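Student: If you want the building blocks of each chain, they are given just below.
Protein chains: 4
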Amino acid sequence: MEKNKLRVGLIGTSERPNEPVSENVKKIAYRFGYLVGIEGFILFSGGRDGVMEAACKGNFDAHGINVGILPSNSVTEANPYVTIPITTGLGMDFRSILMIHTVDITVMIGGKIGTLLELVSTYQNGKPAIIIRGTGDFADSIERILIEGKYFDSRRNSEIFFVESPDEAIEKIKEIFHIK
Amino acid sequence: MEKNKLRVGLIGTSERPNEPVSENVKKIAYRFGYLVGIEGFILFSGGRDGVMEAACKGNFDAHGINVGILPSNSVTEANPYVTIPITTGLGMDFRSILMIHTVDITVMIGGKIGTLLELVSTYQNGKPAIIIRGTGDFADSIERILIEGKYFDSRRNSEIFFVESPDEAIEKIKEIFHIK
Amino acid sequence: MEKNKLRVGLIGTSERPNEPVSENVKKIAYRFGYLVGIEGFILFSGGRDGVMEAACKGNFDAHGINVGILPSNSVTEANPYVTIPITTGLGMDFRSILMIHTVDITVMIGGKIGTLLELVSTYQNGKPAIIIRGTGDFADSIERILIEGKYFDSRRNSEIFFVESPDEAIEKIKEIFHIK
Amino acid sequence: MEKNKLRVGLIGTSERPNEPVSENVKKIAYRFGYLVGIEGFILFSGGRDGVMEAACKGNFDAHGINVGILPSNSVTEANPYVTIPITTGLGMDFRSILMIHTVDITVMIGGKIGTLLELVSTYQNGKPAIIIRGTGDFADSIERILIEGKYFDSRRNSEIFFVESPDEAIEKIKEIFHIK
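Residue numbers (our numbering), protein chains in the order written: chain S, 1 to 180; chain Z, 1 to 180; chain C, 1 to 180; chain V, 1 to 180.
If you are wondering where the hints come from, they were derived from the structure by calculation, not from laboratory data. Remember, it's a predicted structure, so these values are computed and weren't measured experimentally. Treat the hints with care, since some could be wrong.
No copy labels: a pair is met if it fits in one copy or bridges any two.
Below, a list of computed lysine to aspartate or glutamate pairs in the EDC-like style, where the Cα atoms sit at most 20 Å apart [unchecked claim]:
1. 5 x 61
2. 5 x 77
3. 127 x 171
4. 127 x 77
5. 150 x 140
6. 172 x 143
7. 3 x 49
So that you can see chain S by itself, here it is in the shape it has in the complex (with noise of 0.2 Å):
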């Protein structure tokens, strides 16, 4: 196996049985998955249901890499494309900082509370954050309380960029990496 990957953490709404992800936001979210893997960058996820398992799924149809970073001590937790799973038993939100801390940068998809706080801790840990627009909740609301239209507070730790689609997100990775 390869060393030195980038390693991308993919952020967005789980599921609920009263509220679904809409099919439409499953695409974009198995799209940027696919793409992460055709990349070969590693997808970082909670490894769980909604956005992220959609994501995992396209990840693991281009024979990509998925860590699943769990927050019970159990792997039956995992969706089903899940290659690598980290079963920290650490609970939702302190597994929420562990999975900032160790990528290097977060593609966010949608997302209510559980992602709002990821993507605070990916500002305050000084990482880079991509939001792919269009997809609801916090993506499409974050924007109001920005500085500048990319920061959270005057302190510009990092940037926070929006993007259209899962292609322009992976784009906007390269970017930011000078890969290529």
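Following the hints, position chains Z, C and V against chain S.
Tutor: The following block gives chains Z, C and V in isolation, referenced to the frame of chain S:
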């Protein structure tokens, strides 16, 4: 020592050489800490400088208990008013999550990105938060992304309250927990 | 409240339905907790049952401060004598490490595997530990693998002391930290 | 990439300037890592030097997957053979606990205090451990405190096995998990 005291988490702006916290905001923090001590609640904070130190001083002057949830393993990091230093060794952000886990409610004064992480975590953990208006930074801007002026997302985990002063924050705490 | 109090971590056997802690060992734990309160040190423990509860009761009766570093997010897990519950949500073992980070010294009474983890962590973190002999389990067997009767390994991070009684443990603490 | 691969945690002595790991022990570690790669298991380790680096090199040479659970937030800390660096930012000991949570079994070669913490944690979490005899330090001394030669305490959470070589360790793993 009495048991079952309410655990109040104070979150707010820390200081940096080029980013002093204003005297007015420190006065508000001092007053809030003082009132927490008078009421006999336990004050939890990050235990360091800025808003936290001002609140700890107020609480100390009221003979209150100051628990400081510190990032490093060294007590030297604590401000001079912390009576119970918890030297976590967890770093800035994991320790923020730990602090939210161990309080019943948070009160926010000003706040940059670390404070925002704690506010988001409070809501994610289903605990109420009170924000003192007019104290700057996220205390004054976060309302823009709230739903119905009080929820972070459609899951309505818990309520975020806005008040105008430290005295009003204490009244709100007593109202929420049905104290006297 | 005074500052800079010594932080003493009490580690020892918890109870299970079929594994009661003997009355004699509980008496020793109670006496130790009581003396910690009299000296004005802060008592840290896992905050639950068995040896921990007995020590917390002793400390409570001496009007001491009982900090309980709890595994779950719920205060209901604490024994009735814990005055400052730290509800970590970190689970049994991460919270054990946290407890060691936040004390100046540990004192061990009996002890099964969780206690052994805490003793090892004490030494790994370069902090002294005192073991009260004759209290069973690892308190009586660990000496067999120590080097020169007091070190876990050739790195000699810190010293492990053996004493015969709670009173002697307090004397040893005062000696180590040059108190009076 | 395939799913449901066994996750094997390698624990053992790290190096310090004045405490080199012997060439013989490194050969054993290399051989073990190599066999893990041949079998198609995932190798987890602390991702740093000494025994860990030797095992990672072996696994790398067999085209295996090397997950390194690192203490800091920086990939520069990883040895050159780690293919999936997990930069936890949790520090030495919290990250040891995390590593135990995320493996199915541990194999121990030599070992100073950090390794002992991991062995104790393995047993506390009810997971089997295999110790390769003759590799020094705790690998050769821990048996003295075990009950019936294989349990840490009367709770018999899991079994500790002793083997004479890396090849025998692999055979034991396959026996425990009924592989082929």
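Student: Checked against the structure, which of the hints given earlier come out wrong?
Tutor: Violated hints: none; all satisfied.
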